[in-house]
Amino acid sequence: MLHFELVTPEKLVRSEEVYMVTVPGTEGDFGVLQGHAPFMSTVRDGNLSIYRTDKGEPETIRIEGGFAEVNAKGLTVLAEKVEG
Amino acid sequence: MASLKALKIRIGSVKSTQKITKAMKMVAAAKLRRAQEAAEAGRPYAQRLEAVVASLAGKVRVSESSPRLLAGTGKDQVHLLVVATSDKGLAGAFNTNIARLARKHARDLVAAGKTVKIYTIGRKGRGVLNREFRANMVHGIEPGDLGKLSFADARGYADDIIARFEAGEYDVATLFYSNFKSVLTQEPTAQQIVPVSIPEAAAAAETGVSAATEYEPEEEELLADLLPRNVAIQLYRAIRENAASEQGSKMTAMDNATRNAGDLIKRLSIQYNRARQAAITTELVEIISGAEAL
Numbered sequence: 001m002l003h004f005e006l007v008t009p010e011k012l013v014r015s016e017e018v019y020m021v022t023v024p025g026t027e028g029d030f031g032v033l034q035g036h037a038p039f040m041s042t043v044r045d046g047n048l049s050i051y052r053t054d055k056g057e058p059e060t061i062r063i064e065g066g067f068a069e070v071n072a073k074g075l076t077v078l079a080e081k082v083e084g
Numbered sequence: 085m086a087s088l089k090a091l092k093i094r095i096g097s098v099k100s101t102q103k104i105t106k107a108m109k110m111v112a113a114a115k116l117r118r119a120q121e122a123a124e125a126g127r128p129y130a131q132r133l134e135a136v137v138a139s140l141a142g143k144v145r146v147s148e149s150s151p152r153l154l155a156g157t158g159k160d161q162v163h164l165l166v167v168a169t170s171d172k173g174l175a176g177a178f179n180t181n182i183a184r185l186a187r188k189h190a191r192d193l194v195a196a197g198k199t200v201k202i203y204t205i206g207r208k209g210r211g212v213l214n215r216e217f218r219a220n221m222v223h224g225i226e227p228g229d230l231g232k233l234s235f236a237d238a239r240g241y242a243d244d245i246i247a248r249f250e251a252g253e254y255d256v257a258t259l260f261y262s263n264f265k266s267v268l269t270q271e272p273t274a275q276q277i278v279p280v281s282i283p284e285a286a287a288a289a290e291t292g293v294s295a296a297t298e299y300e301p302e303e304e305e306l307l308a309d310l311l312p313r314n315v316a317i318q319l320y321r322a323i324r325e326n327a328a329s330e331q332g333s334k335m336t337a338m339d340n341a342t343r344n345a346g347d348l349i350k351r352l353s354i355q356y357n358r359a360r361q362a363a364i365t366t367e368l369v370e371i372i373s374g375a376e377a378l
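First to last, the protein sequences are chains A and B. Mapped onto this note's numbering, the consecutive letters of the first sequence carry residue numbers 1 to 84. Mapped onto this note's numbering, the consecutive letters of the second sequence carry residue numbers 85 to 378.
Next up, chain A with everything else stripped away, as it sits in the complex:
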């Protein structure tokens, strides 16, 4: 499972184990699975999709501004604004 954290300046919105997350990067969307190579990207305004299992519908969260970081610990998305 992938450890996923979504953080805004106000609070820690999510911290959970998920299957996959797709992030709207500035230079294109990218999906992150467990064991992704270290990666860092800025994020454009758009929808973040969280897949809890490999099947089933994703949960989408709209985020604005920020950046995403993938390291050995998992994926951290720092967003300035989160809706939903």
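FYI, nobody ran anything at the bench for these hints, they're computed from the structure. Be aware that a few hints might be false.
[Said to hold, decoys possible] Straight-line C-alpha distance at most 25 Å; calculated BS3-like pairs for lysine-lysine:
no.	chain 1	residue 1	chain 2	residue 2
1	B	LYS143	A	LYS73
2	B	LYS89	B	LYS109
3	B	LYS232	A	LYS11
4	B	LYS115	A	LYS11
5	B	LYS106	B	LYS350
6	B	LYS265	B	LYS89
7	B	LYS232	B	LYS172
8	A	LYS81	A	LYS55
9	A	LYS81	B	LYS232
10	B	LYS109	B	LYS350
11	B	LYS103	B	LYS172
12	B	LYS172	B	LYS188
13	A	LYS11	B	LYS265
Take the given structure of chain A and dock chain B to it, following the hints.
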């Protein structure tokens, strides 16, 4: 000795003061809980961002083309002191402590022949610093209730501060605020925000950002995007810490005031009772000696 009536009035007035300070303490305690949660909730973001910026900054070689928020202007002649306090008093030494730290820095800088400019967020800090550095004030913001400030507000302040930097108004900016450690301890803190201060290797090691990390877009571009954001976040964090510190400080101050009022009431009551007894004794003596004379 004060008359019985005067003492009674005095006790009454201290009692009503005590009621007010007690109520203020309760309000501060309630607000404190919220402000403290908010301050703690905001920490992960600020810390992560700081660490990421630090590790990135460590990788990018500082050159002519690197962002000025990172490299600075190459001088440190003009210093901007951003003093974040609150708009309201009655919070113990909260505002004074921050202002005192800022004043000390300002004096040191002036003594070293630097130019000092002061940018205040919060009316109280401005009031204190105005006495000595009236000519150095560049701008003052009155944020109102600190607990109600949103990130967008902080972003607005940060944009203004960065715009002043871009316009060449100053070389180095330092932020003064009160770090919330616990209800009893709040520590006035100075933090350099422009150009970004890098706590060197320690930060890079912590994030686990390895050399193999890929960046999108390139490091330089990423940094140019993150640096202004970092200023806004650090400012926002400072305001959040201030909000919690203010309430903590207020609670302690009001608790002390309530206790003092209690002591005062006790002392005044004893005085009042003594005076009353003395009056009764005098009356009795008068009656008895009057009866004896017959």
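Cross-check of the supplied hints:
no.: 1; hint: LYS143(B) to LYS73(A); result: holds, 21 Å
no.: 2; hint: LYS89(B) to LYS109(B); result: violated, 30 Å
no.: 3; hint: LYS232(B) to LYS11(A); result: holds, 15 Å
no.: 4; hint: LYS115(B) to LYS11(A); result: holds, 17 Å
no.: 5; hint: LYS106(B) to LYS350(B); result: holds, 17 Å
no.: 6; hint: LYS265(B) to LYS89(B); result: violated, 47 Å
no.: 7; hint: LYS232(B) to LYS172(B); result: holds, 14 Å
no.: 8; hint: LYS81(A) to LYS55(A); result: violated, 28 Å
no.: 9; hint: LYS81(A) to LYS232(B); result: holds, 17 Å
no.: 10; hint: LYS109(B) to LYS350(B); result: holds, 21 Å
no.: 11; hint: LYS103(B) to LYS172(B); result: holds, 20 Å
no.: 12; hint: LYS172(B) to LYS188(B); result: holds, 22 Å
no.: 13; hint: LYS11(A) to LYS265(B); result: holds, 18 Å
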